[in-house]
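S.K.: With the hints as your guide, set chain B onto chain A.
Protein chains in written order, with the working numbering: chain A, 1 to 755; chain B, 1 to 755.
Where hints are given, some of them may not hold.
No distinction is drawn between identical chains; accordingly, a pair holds when it is met within one copy or between any pair of copies.
Unchecked claim - Taking lysine-lysine pairs in the DSS-like style, the calculated list, with each CA pair at most 27 Å apart, reads:
| no. | residue 1 | residue 2 |
| --- | --- | --- |
| 1 | K20 | K283 |
| 2 | K186 | K309 |
| 3 | K20 | K280 |
| 4 | K403 | K169 |
| 5 | K180 | K152 |
| 6 | K705 | K557 |
| 7 | K147 | K309 |
| 8 | K169 | K394 |
| 9 | K317 | K403 |
| 10 | K280 | K317 |
| 11 | K180 | K394 |
| 12 | K431 | K754 |
| 13 | K103 | K167 |
| 14 | K52 | K573 |
| 15 | K169 | K545 |
| 16 | K432 | K579 |
Bear in mind the hints are in silico, worked out from the structure with no lab data behind them.
2 protein chains.
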Amino acid sequence: MAQVFQVIGTRPIRHDGLDKVTGRAQYGADIQLSGMLHGRVLRSSHAHARIKSIDASAALKVPGVEAVATAADLPESGDRIAHLGEGAVNLRHLSSNCLARGKVHYKGQAVAALAATNPHIAEEALALIKVDYEPLPPVMDVREAMKDSAPKLHADVFTEEMGQLKKDKPSNVAKHFQFKLGDVHKGFAQAAVTVEREFHTATVHQGYIEPHNATAMFNPDGNVTIWCSTQGAFTVRAQVSELLQIPVSRIKVVPLEIGGGFGGKIRVYLEPVAAVLSKKTGKPVKILMDRAAVFEGTGPTPGSYIRVKLGADKTGKLVAGEAYLAYEAGAFPGSPIGPGAMCIFACYDIPNVLIDGFDVCVNKPATAAYRAPGATNAAFASETVVDEICRQLKIDPLEFRLKNGAKEGTRRADGPIYPRIGMIETVEAAKKHPHYVAPLAPGSSPFPRGRGVASGFWFNIGLKSSVTASVNNDGTVSLVEGSTDIGGTRVSVAMQLAEALGIRAEDVRPVVADTDSVGYTDVTGGSRVTYATGWAAYEAAQDIKWQMLEKAAQLWKTDLDNVVYDKGVIRAKDDPAKKITFKELAEKIQHKGGIVVGRATVDPPWPGGAFATHIVDVEVDPDTGKVSILRYTAVQDCGKAIHPSYVEGQIQGGAVQGIGWALNEEYAYNAKGEMTNASFLDYRMPTSLDLPMIDAVIVEVPDPKHPYGVRGVGEVPIVPPPAAIANAIYAAVGVRMNELPMSPGRVVKALAAKK
Amino acid sequence: MAQVFQVIGTRPIRHDGLDKVTGRAQYGADIQLSGMLHGRVLRSSHAHARIKSIDASAALKVPGVEAVATAADLPESGDRIAHLGEGAVNLRHLSSNCLARGKVHYKGQAVAALAATNPHIAEEALALIKVDYEPLPPVMDVREAMKDSAPKLHADVFTEEMGQLKKDKPSNVAKHFQFKLGDVHKGFAQAAVTVEREFHTATVHQGYIEPHNATAMFNPDGNVTIWCSTQGAFTVRAQVSELLQIPVSRIKVVPLEIGGGFGGKIRVYLEPVAAVLSKKTGKPVKILMDRAAVFEGTGPTPGSYIRVKLGADKTGKLVAGEAYLAYEAGAFPGSPIGPGAMCIFACYDIPNVLIDGFDVCVNKPATAAYRAPGATNAAFASETVVDEICRQLKIDPLEFRLKNGAKEGTRRADGPIYPRIGMIETVEAAKKHPHYVAPLAPGSSPFPRGRGVASGFWFNIGLKSSVTASVNNDGTVSLVEGSTDIGGTRVSVAMQLAEALGIRAEDVRPVVADTDSVGYTDVTGGSRVTYATGWAAYEAAQDIKWQMLEKAAQLWKTDLDNVVYDKGVIRAKDDPAKKITFKELAEKIQHKGGIVVGRATVDPPWPGGAFATHIVDVEVDPDTGKVSILRYTAVQDCGKAIHPSYVEGQIQGGAVQGIGWALNEEYAYNAKGEMTNASFLDYRMPTSLDLPMIDAVIVEVPDPKHPYGVRGVGEVPIVPPPAAIANAIYAAVGVRMNELPMSPGRVVKALAAKK
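Chain A extracted, bound-state conformation:
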């Protein structure tokens, strides 16, 4: 019983489109305030060191330098865990990540900051801050860090072993947990085929085009305003509140346009530092990062070590799965090991599962969320093992997924039983897709070519959103929301309001408001905005609708239950002559007390989760090891595509990021733990010249809870690419790549090893 839509599923121009293509949109770096100072951050030159002293006296003598800030200027945060943004945050760690207290745990960690009358003075003076370090040996690899003999990053981080804190000795392993389902021993005993493999993935960065920035103005009355580029203004507010011990109501965060985030712009870096410098100087302070600071000083996604063992019976039915995942948290505990472990087998119905997860500190930047955090690493491992099983059993890999794919009622290893989901539907769509039934795409040369497929899962989230919406007298509606628009959510939220009211998307005017001007709204992340903020817009439309009905009833001097709202037209039930459009009524009521404002707040149940199945054709240059993408098809269940163009854009963008992760991207470190490629010249992300058109195929299995069936779109498309490409490389040249990125050097090495 599919809903019929007037607005949803169409492709109106996004409201912020022209501002963005003409350069008029205001980003954090565009902020200019009278008397504004420019801040810069001094970053650690060591991967691991004790800070013996910081001497800023020479810097403070430079004319134009007005203040220096160090950890001594931040309140001492205890080890309290606060739930800020997407997950739990240890405040002491968060504080030390903004300005290091006592020790530095990675090269690039913020150690001090200063504010000066112009950026050049700030940069020059920065070099005059003398930090006396006692260098310590760094540990840069997750498995090294897990050894008892490894240098310990923290004297006060202990292993939480299956929920119990082992306080006997400090450890780099912050956490070990298990997910269990059935009995894996019994399961593997039933297996006709068992494959077990080890995998390594490198640290990669989200690579958003806009560096971090923050401008703060601290008033003597204790109120502070912060302008920044963030995925969540309320999260910045909450974090700054905790770090500086200021009530949230004294902080106003103004979110400017954001030049990409992908999870990396949830945690604060510069905001509290700018606020402290502003408090010290009495002037507004603006701090910008350069690209090197972004790479070295903000959170990438973890490198990882993963072991996967899967068993299937002779019919091809999966009977058991075992996984061991160790994720690099970076400097402070908090890798996305949880989601990684939740996602690793989430595409399949496996009766017996055992998953071990480890969160491990290493001397790299504290990791942050990155598009389906943790899931891509995991899927690279599990989906290449699935491919091997299919090869061994000589089963078509999509047939295998149809046979084993998760569906409504399947229990996932971490507990939940799936509601209605679309895994099977994505596989069916992939199987029917012209790409899958066509011969391999032609290459540019006679190099070997191959096709691979892989699936992926991301659970998507709900969380809190608020909107208000005011009816204008020209029949348009101003919509106020608190969700940063990263990928077109102004329009996708506006369209849901428009659909509910029966008006055009263009007749909704969405604005993203500051934290003083809209109700609490969680971060733009977890693929939640179109789902949850869209839901709030739907509810606000209901609030508007009944008020408009009330106005119509007054106008016609009839009872409220005699008027009905139907696709933008209000009618009296008892008189066909009495009908009026939303726009007409909005115009009519303006001089008769007619202001209509709707509001809604939601904290909805989480959607059922998103599934994707990707198909890729590659060619491999056997001499250089270069892998080229010849054809790429990404099939994804998005529940309901509110604005198909932006859904396609999300799918394409996610796939491209996954391809970059698969083939080229990695943090290169030298022996001292220094990143050696902290620039876009050396950290190789794919460009449009490297890629074919990504064919985005939308499957729609509506989420039954959401009023319009939305599931969320943004994250799962990054999950399958590394595995799909690895499987395609195997198909082309017969080598199993078990390390990311599958860069030319590694491919050449693997080819040589095969020979």
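M.R.: Structure of chain B alone, referenced to chain A:
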């Protein structure tokens, strides 16, 4: 049965106070945008002339000049009357007042504008725009303009005579109307004493400290953003929409802080011009006025001619009143003659009344609202005639007012019957006040001294307001309102929300939002914000309260009707142990789906009106004619004083403006119709050195409709001063001043005439 308040009546520091005293508040002139151009306006050098041609070619050749705008760039607006802001506006006139079309009707009228890369280039190039004028004789006085022989300003303005348009011949008299009550002939026949006098008042300006400004950014997609200093962002939106023929939803008006308005910042001047220049150049354009432009190019309050005749019987009971009021509209019809006529006898219960009102065009700037528009001129006339009657009958002027004062049930000449009002209570308070029973205040010299009293009325208005309010998890509330805060309304509105919720005023964080971010809200004017926006805040609090009750009921797993809200504490009726404060509940619910956002829109009935009675002691220097204010007491019924300090501030500010109007302020014109004192050096406003402390006495007769009894405060205190001072001058030196201002020259002349 007086309400007991926790917040209302206290004096918290205003939320915007620190920003304003430290210079951090952002006013229109503070706006800086990348690539911004600077606009300047060329103003007419003639008081009355036909524009034969405008040649901007030389100006456009100046390097840095990017565009010129004239009336040719504005759509031709028909004679449509639009209800924008406080009253009806003829769009063709409004357009021509922004950029003159065909003719100029006053010196200083905007004729052309240009935008250049910096203000200096703009000013230089402006002088190169050649306007070829055909000068016409100006008419500068209302009675001259009413003559058949007078030069006519408009070929298409005809007299609306008692509601009928007399289309036979053009006239400077745009309107003549009458208010009638009883039978004046019969009334005057009963009079024992009849006094009839003529009065003249000069054109005066509001004299706000901040000149007009506007910055506009016109996007190629047809959306325009305007930053300005205005009393009503939605009114600017509506006016620009009409003048440029753009839907309101394509216009976003961002109201910045306002450095005074007093009615003069409701009509647009620069906003559409900046928008047109921005559209032509593709860049943001900012235009500022200088002080001369403010005096010559924006709306002062009208000069007027008034004749008043009052009759009382021998007991001192008023039996009849007649008034003839002719107000200078300035260049275009639209003086506040209506309110003037409504207010002239509004303080009294007079059974027989006839009032004639005339709206008359003269070659002065188009008049605008100014604090109780029209009422001060009228009260100067009626309240000095009342004083003469009291003298003749030898009745104490306050006793006379007690006897004749309007009260609940009194019918005003324009129709309405008063609900509960506070005229009598202000007179009683004045009579009991130490000032009234004390001897005359000591002067600085042996000059003659005297005491005068006068009363005043302003009806105050209601109109539309919207607010939204979000509960923060620290128990504070963010309040979004659309009312420009001129005199402390952020706090007076916040206090009403706080009172309703039982929280502290400091725990409400009010913001004045742009037109995209809050529901429709009418102008800050008519003394309506604390009344109507405060009422909206009260209603939003009710919306929040029931949601909080719902959350508490969920928390306690009880029924909604088992929980009650009492002064910031929620309790379960059936269990004394179950109680929780608003703040505690806000904190508690944050992780349990607990977002609470309230909203309200109101269009309330108008309040009953505001009355004031002032007492003044003066001394008069018989040689120079200088009048000094020795002591001043202003008694006013404000219904309920939400924040007494700002009520007192409004009363003091209004009284001071009235004193300036009484003694010094006037537009001085030469024979060519050129203003000769367009600067603060030559246009003499009183400073703190000229005045004693104004003793503001608050009387509280709650308005029975308003939830907290508010009536509105800002306007009526300007009404009594000229009459009170004129009466005091008579008491001192025995001359009746019948012309404003009662400047030294006029006083000397009157004294000479007496001799």
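S.K.: Does each hint fit the structure? Answer for all of them.
M.R.: Hint-by-hint comparison with the structure:
no.: 1; hint: K20 x K283; in the structure: between (30 Å within a copy, 15 Å between copies)
no.: 2; hint: K186 x K309; in the structure: within (14 Å within a copy, 110 Å between copies)
no.: 3; hint: K20 x K280; in the structure: between (35 Å within a copy, 20 Å between copies)
no.: 4; hint: K403 x K169; in the structure: neither (47 Å within a copy, 92 Å between copies)
no.: 5; hint: K180 x K152; in the structure: neither (30 Å within a copy, 94 Å between copies)
no.: 6; hint: K705 x K557; in the structure: between (37 Å within a copy, 24 Å between copies)
no.: 7; hint: K147 x K309; in the structure: within (23 Å within a copy, 104 Å between copies)
no.: 8; hint: K169 x K394; in the structure: neither (50 Å within a copy, 100 Å between copies)
no.: 9; hint: K317 x K403; in the structure: within (7 Å within a copy, 102 Å between copies)
no.: 10; hint: K280 x K317; in the structure: neither (65 Å within a copy, 69 Å between copies)
no.: 11; hint: K180 x K394; in the structure: neither (29 Å within a copy, 102 Å between copies)
no.: 12; hint: K431 x K754; in the structure: neither (31 Å within a copy, 109 Å between copies)
no.: 13; hint: K103 x K167; in the structure: within (21 Å within a copy, 89 Å between copies)
no.: 14; hint: K52 x K573; in the structure: neither (80 Å within a copy, 61 Å between copies)
no.: 15; hint: K169 x K545; in the structure: neither (62 Å within a copy, 51 Å between copies)
no.: 16; hint: K432 x K579; in the structure: neither (47 Å within a copy, 61 Å between copies)
Figure legend: structure checked against the earlier numbered hints; hints not met, in rising order: 4, 5, 8, 10, 11, 12, 14, 15 and 16.
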